[in-house]
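> So you can see what is in the structure, the chains are spelled out below.
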Amino acid sequence: LAKTTQPISMDSYEGQEVNITCSHNNIATNDYITWYQQFPSQGPRFIIQGYKTKVTNEVASLFIPADRKSSTLSLPRVSLSDTAVYYCLVGDLGAGNMLTFGGGTRLMVKP
Amino acid sequence: GAGVSQSPRYKVAKRGQDVALRCDPISGHVSLFWYQQALGQGPEFLTYFQNEAQLDKSGLPSDRFFAERPEGSVSTLKIQRTQQEDSAVYLCASRQRETASYEQYFGPGTRLTVT
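From first to last, the protein sequence lines stand for chains A and B.
Under our numbering, the first residue of the first sequence carries the number 1, and numbering increases by one thereafter.
Under our numbering, the first residue of the second sequence carries the number 1, and numbering increases by one thereafter.
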């Protein structure tokens, strides 16, 4: 499985756009990129998934450059409730079913 | 609809005791996963079921850990002779039939503390 590297922590303020970048230099052709969010005392929650270019849903956008060696999760206009740990995962949907989490990025949104 | 539920939410065990952790997946979800999350770290895979079949148990840390899903719905993770290093949050997740998505639905976890 491709190894992912993301910042340990980030700070932001309410109303700002937050971009969290994940490096995955060894991503394979069949690998997808997925992001999960985890609040304290809760299980992780799926945010977004993509393969290339840009994906947008009601929660976030995911930007993936052509070489796919990195990806950026973009959270528009964050609020205090977006304070959480964000995990970047890379894997082949067809090769096994388990999720491999790294250490994640702890996002702190301040008033 | 109802999500994944786990019980108990908190469990304190004395070293050497056996514990059983329960997971109720989303109704109809074929796949069920158990993960272990140590404090300050990301979840780590323990084992995976498709219906009642345990297809992967490569993540179970020792033979003290045992999981079952006898009727393809509720699952139980059992830890025998608990040790302090077993203290962690145990997360259960379920997933629909194989789809073009990595989305798994997680329960709130059971926090196990071994004293």
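Treat the hints loosely; a few may be bogus.
[Stated by the list, open to error] Among chain A residues calculated to face chain B with C-beta under 7 Å, some are:
no.	residue
1	Gly43
2	Pro44
3	Gly102
[Claimed, not checked] Output of the computed footprint for chain B on chain A, the stretches with three or more beta carbons under 8 Å from beta carbons of chain B:
no.	stretch
4	45-56
5	73-79
[To be verified] Here are a few chain A residues that face chain B, going by a calculated C-beta distance under 10 Å:
no.	residue
6	Met10
7	Tyr13
8	Met108
Quick caveat, the hints were computed from the structure, so don't treat them as lab data.
These numbers come from a predicted model, not from an experiment.
Glycine included, every Cβ here is placed at the ideal spot set by N, Cα and C.
> Which of the numbered hints above does this structure break?
5, 6, 7 and 8
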